[in-house]
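Fit chain B to the known structure of chain A by using the hints.
If you read the sequences in order, they're chains A and B.
Residue numbers for the first sequence, in our numbering: 14 to 535.
Residue numbers for the second sequence, in our numbering: 5 to 316.
Calculated from the structure, these hints are not laboratory results.
Each hint should be verified, as a subset may be incorrect.
Stated by the list, open to error - Facing chain A, from chain B, some residues (calculated, C-beta under 10 Å):
#1 R32
#2 P35
#3 L43
#4 R54
#5 A108
#6 P147
#7 F149
#8 L153
#9 I156
#10 V157
#11 H161
#12 P167
#13 V169
#14 E261
#15 D304
C-beta atoms are modelled at their ideal positions from N, C-alpha and C, and glycine is treated no differently.
Here are the chains, one letter per residue:
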Amino acid sequence: MIRSTLLCRGLLRLKLPAAALALGAIVSLAPAIELARAYAEENDVLRIRIGSDVISFDPHRPSTIENTSVAVHVYDGLFGYDLTDMSIEPRLAESHSVSEDGLVYTIKLREGVMFHGGYGEMTAHDVKFSFERVMDPEAPSPWAKEFDGMTIDVEDDHTVVLTLARPNANFLHSLSSRNQALILSRKAIEEMGEDWITNPIGTGAYEFSAWRPGDRVVLAANDDYFRGRPAIDRLELVLIPEETSAEIALLNREIDVFFALQGPEIIERLEANAEINVSQRPALISCHLVLNTTVPPLDNVLVRRAMAHAVNRESLVENFFRGTKVLTSTPLTPEYVEYTDDVPQYPYDPDKARELLAEAGFADGFDFRYITVALSPYDQFPVVVSDDLSRVGIRVDLTVMERATYGAARASGTLPSATTCPSNSPNPDTLLRALVHSDGFPPGVNTARYAGADALLDAARAKQDPDKRSKLYHEAQRQIMADVPTIPLYADRLFTATHSGVEGVMTSAAFWVDAYGATVNR
Amino acid sequence: MLRYAIGRLLLVIPTIFGMVVLAFFMLRALPGDPATAILGEFATPQALERLRSSLRLDEPLLSQFYHYVTGMMTGDWGRSALTRKPAMAEVMSVVMPSMALAFASIFVAIVIGIPVGVLSAVKQGTGIDYLLVALTIIGISFPVFWLGLITIVVFAHTIPLFPAVGAGAPGSLLSQTHALVLPAIVLGSGGAAYIARLTRSSMLEVMNQDYILVARAMGISESRILFVYAMRSALPAILSVIGVTFAVSIGNAILVEVVFARPGLGSLIIKATFSRDYQLLQAGLLMLAVSVVLVNFVIDLLYPIIDPRLRR
Numbered sequence: 014m015i016r017s018t019l020l021c022r023g024l025l026r027l028k029l030p031a032a033a034l035a036l037g038a039i040v041s042l043a044p045a046i047e048l049a050r051a052y053a054e055e056n057d058v059l060r061i062r063i064g065s066d067v068i069s070f071d072p073h074r075p076s077t078i079e080n081t082s083v084a085v086h087v088y089d090g091l092f093g094y095d096l097t098d099m100s101i102e103p104r105l106a107e108s109h110s111v112s113e114d115g116l117v118y119t120i121k122l123r124e125g126v127m128f129h130g131g132y133g134e135m136t137a138h139d140v141k142f143s144f145e146r147v148m149d150p151e152a153p154s155p156w157a158k159e160f161d162g163m164t165i166d167v168e169d170d171h172t173v174v175l176t177l178a179r180p181n182a183n184f185l186h187s188l189s190s191r192n193q194a195l196i197l198s199r200k201a202i203e204e205m206g207e208d209w210i211t212n213p214i215g216t217g218a219y220e221f222s223a224w225r226p227g228d229r230v231v232l233a234a235n236d237d238y239f240r241g242r243p244a245i246d247r248l249e250l251v252l253i254p255e256e257t258s259a260e261i262a263l264l265n266r267e268i269d270v271f272f273a274l275q276g277p278e279i280i281e282r283l284e285a286n287a288e289i290n291v292s293q294r295p296a297l298i299s300c301h302l303v304l305n306t307t308v309p310p311l312d313n314v315l316v317r318r319a320m321a322h323a324v325n326r327e328s329l330v331e332n333f334f335r336g337t338k339v340l341t342s343t344p345l346t347p348e349y350v351e352y353t354d355d356v357p358q359y360p361y362d363p364d365k366a367r368e369l370l371a372e373a374g375f376a377d378g379f380d381f382r383y384i385t386v387a388l389s390p391y392d393q394f395p396v397v398v399s400d401d402l403s404r405v406g407i408r409v410d411l412t413v414m415e416r417a418t419y420g421a422a423r424a425s426g427t428l429p430s431a432t433t434c435p436s437n438s439p440n441p442d443t444l445l446r447a448l449v450h451s452d453g454f455p456p457g458v459n460t461a462r463y464a465g466a467d468a469l470l471d472a473a474r475a476k477q478d479p480d481k482r483s484k485l486y487h488e489a490q491r492q493i494m495a496d497v498p499t500i501p502l503y504a505d506r507l508f509t510a511t512h513s514g515v516e517g518v519m520t521s522a523a524f525w526v527d528a529y530g531a532t533v534n535r
Numbered sequence: 005m006l007r008y009a010i011g012r013l014l015l016v017i018p019t020i021f022g023m024v025v026l027a028f029f030m031l032r033a034l035p036g037d038p039a040t041a042i043l044g045e046f047a048t049p050q051a052l053e054r055l056r057s058s059l060r061l062d063e064p065l066l067s068q069f070y071h072y073v074t075g076m077m078t079g080d081w082g083r084s085a086l087t088r089k090p091a092m093a094e095v096m097s098v099v100m101p102s103m104a105l106a107f108a109s110i111f112v113a114i115v116i117g118i119p120v121g122v123l124s125a126v127k128q129g130t131g132i133d134y135l136l137v138a139l140t141i142i143g144i145s146f147p148v149f150w151l152g153l154i155t156i157v158v159f160a161h162t163i164p165l166f167p168a169v170g171a172g173a174p175g176s177l178l179s180q181t182h183a184l185v186l187p188a189i190v191l192g193s194g195g196a197a198y199i200a201r202l203t204r205s206s207m208l209e210v211m212n213q214d215y216i217l218v219a220r221a222m223g224i225s226e227s228r229i230l231f232v233y234a235m236r237s238a239l240p241a242i243l244s245v246i247g248v249t250f251a252v253s254i255g256n257a258i259l260v261e262v263v264f265a266r267p268g269l270g271s272l273i274i275k276a277t278f279s280r281d282y283q284l285l286q287a288g289l290l291m292l293a294v295s296v297v298l299v300n301f302v303i304d305l306l307y308p309i310i311d312p313r314l315r316r
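Chain A on its own, in the form it takes in the complex:
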């Protein structure tokens, strides 16, 4: 108080406007910018922006983009994806063989792979421990279905035998995922108890170093990594929720990589900047307006088809998203090997929609509750979709729910509709089973309560021959799109902006960032 009084007095005497004083204070701090520059120019660090805080270092728990982006650096799985083409390659596994009936997988493990922090060599016992942990019905892992009641036998320290309950041609996908398939250290978990979750121990290219909630996760290079030590000493995943702030931080080099940017305007601005490289890849996420097939009038397939014709998806992708998303004809995205365009199509046709509605007995339209979640952009594009629907006479009541409320409401299975962008695994079975198979009935995300493609999806999973399997998936997609339990609104694309001089940062079509092979040249 005394200080400010003195300030007042000085101010009055000198008759200086307050603005000049403030400006003076700012200019006198100018040397401090040197500090920020020095901080930002360390050569051995790579800073990657993430948009939400990391929630858990337990990879077996529900995944988020951020959790997975940490997990891929700290842990490894028996198999993994080559991110250039999403093909499966061995990691902790050295080789594997499958029995003729497709039920028994014998996996030989790589020898001499060490866990971080002196927790010893990774062995078949860690594999058994990790997978049983996922399958424990009381464990907090939602991925048990991926392993579908298999049994795990340790043959010797470096050989593990997995016996499936029924044939699953997609099983190598289940062993490559960056969730349930990651191998934890049994010793670390048994010794640390609950504390291991904030001190994760894996075999990955980077060791966990620090987590500052609300700020960043710091990872340090693993000198003994079995695929070779990464070039960059330290990795920081920096939380910057606001995209405009992240854009400036990238331009200022406070971060090197702007991962998963969404804003079309920001993408356009960064693409025009010579110092920034913007990369993009089609992703494995599709976003849906899910229609509950058990609630009138949505139980009438004509009504659902009419709604599909009523939505102008081309305009949504081109105008609302400014071309940053792509169209998809089925719940799978064109990025899946099993995708097909040869399915019933629903081009934008309001007249056809009205005809179908009239045929179904709703010539005057009906009341429709469109339910979505208060998360950008899911609280925005439904406005455009609602407008399309209302043009054919459907009276839309658009309800935006807060996140946790939405989660609980969707899990109740009573919602007439939902906005859902289901899991992003390269395994087509994971996505389709979650969204349109009775396995995914609420509390899962099959809020459509649609089971019409169950038989085809089960048959596809069991078929070992890849061509025959693909044909069955095509058949399943045709069946699904004939019944329209969900309207696939768009397929996502993943945009990542890097500062020039940063090379080798890989992104996955399943939305995670992998900096193992990255180099920085400032």
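Just chain B now, kept in the frame of chain A:
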């Protein structure tokens, strides 16, 4: 004075307890199931049951409350249901940047607000007065979010004086202070405007009092009249608005935290709310309440110091 202080302190305890009770029951009135929010929609019923029982969510509300209060008394805040980190440890890790921001923004508000208010009162009816009043209206009405982005663009990019994001390097006070400047100015600007307007009107009111006229008649210098006689009477009102501004600043801090990507109580509480992480949320809310109550307690203690009439 001591009795006054003790009386005030005794009021602090029921205030905080009331806050604890309110927070506890209001959280439980929120729609949405914490177990589903934490484990996701594919969790097995067994896993949900187990989590509910480990969080005591399957017990009656009063029993939950009893365990909560007794745990609190013994310093056991439980673990964040989401991260499994001890809840209080997680809260403490963001308290420093949060408090630094709150106090720095109050400092900015005072340093700008009081001189502007005094100047505007002294120059009442002149161009300077109108200009300053207009500026304060702008200061009050600018959304913090927008102001933050503009500030980043101008002072972190166009003129690269300050970092755009973050709270500075841990362990480096210089770097942390450096990173604090822009957020403090943005968050403090609204408070500065309030304080300026209040200072102006308090000063105007006091300046019309007879005793100021008497002081002038006795030939006392104008600056002495202003700062010794007038200011002193205007201070209690200004002080009380500072207390309110602090509470508002802490509430508004979430926006500043998001724009400048700073860790803080605001973002922590929002994160905990979205995931229905009761333990974390309760610890965070309590920390928030305690800081607001303590600041107001200190302000209460300052009243009798600056206003002798209150000492009796």
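Item checked: Hint check: 10 Å Cβ-Cβ cutoff, D304 (chain B) to chain A -> violated (15 Å)
Next item on the list: Verify the interface restraint on I156 (chain B): the C-beta must sit less than 10 Å from at least one C-beta of chain A.
Entry: With a closest approach of 5 Å, the I156 (chain B) hint holds.
Margin query: A closest beta-carbon separation below 10 Å is what the hint needs, so does E261 (chain B) meet it against chain A?
Written below: Check passed: Cβ of E261 (chain B) comes within 8 Å of chain A, closer than 10 Å.
Notebook entry, point to check: Does the nearest C-beta of chain A fall within a distance shorter than 10 Å of the C-beta of P35 (chain B)?
Noted result: Constraint on P35 (chain B) satisfied, holds at 5 Å.
Checklist line | V169 (chain B) as chain A interface residue, shortest Cβ-Cβ below 10 Å | finding: holds (5 Å)
Notebook entry, point to check: When the nearest CB of chain A is found for R32 (chain B), is that gap smaller than 10 Å?
Noted result: Result: violated, 13 Å to nearest chain A Cβ.
Margin query: Given A108 (chain B) as an interface hint, is its Cβ closer than 10 Å to any Cβ of chain A?
Written below: Where the cut-off is 10 Å and the nearest Cβ of chain A is about 13 Å from A108 (chain B), the hint is violated.
Notebook entry, point to check: With 10 Å as the cut and Cβ atoms as the points, is L43 (chain B) at the interface with chain A?
Noted result: At about 5 Å, which falls below the 10 Å cut-off, the nearest Cβ of chain A leaves the hint on L43 (chain B) intact, so it holds.
Margin query: Is the interface hint satisfied for R54 (chain B)? The criterion is a beta-carbon contact with chain A at less than 10 Å.
Written below: holds (5 Å)
Note to self: Please check whether F149 (chain B) passes as an interface residue: C-beta within 10 Å of a C-beta belonging to chain A.
What the structure shows: holds (8 Å)
Next item on the list: Against chain A, run the beta carbon of L153 (chain B) and see if the smallest gap drops under 10 Å.
Entry: holds (5 Å)
Check: Holds or violated: is the Cβ of P147 (chain B) closer than 10 Å to a Cβ in chain A?
Finding: Constraint on P147 (chain B) not satisfied, violated at 13 Å.
Hints 1, 5, 6, 15 from the list above are not met by this structure, while the remaining hints are.
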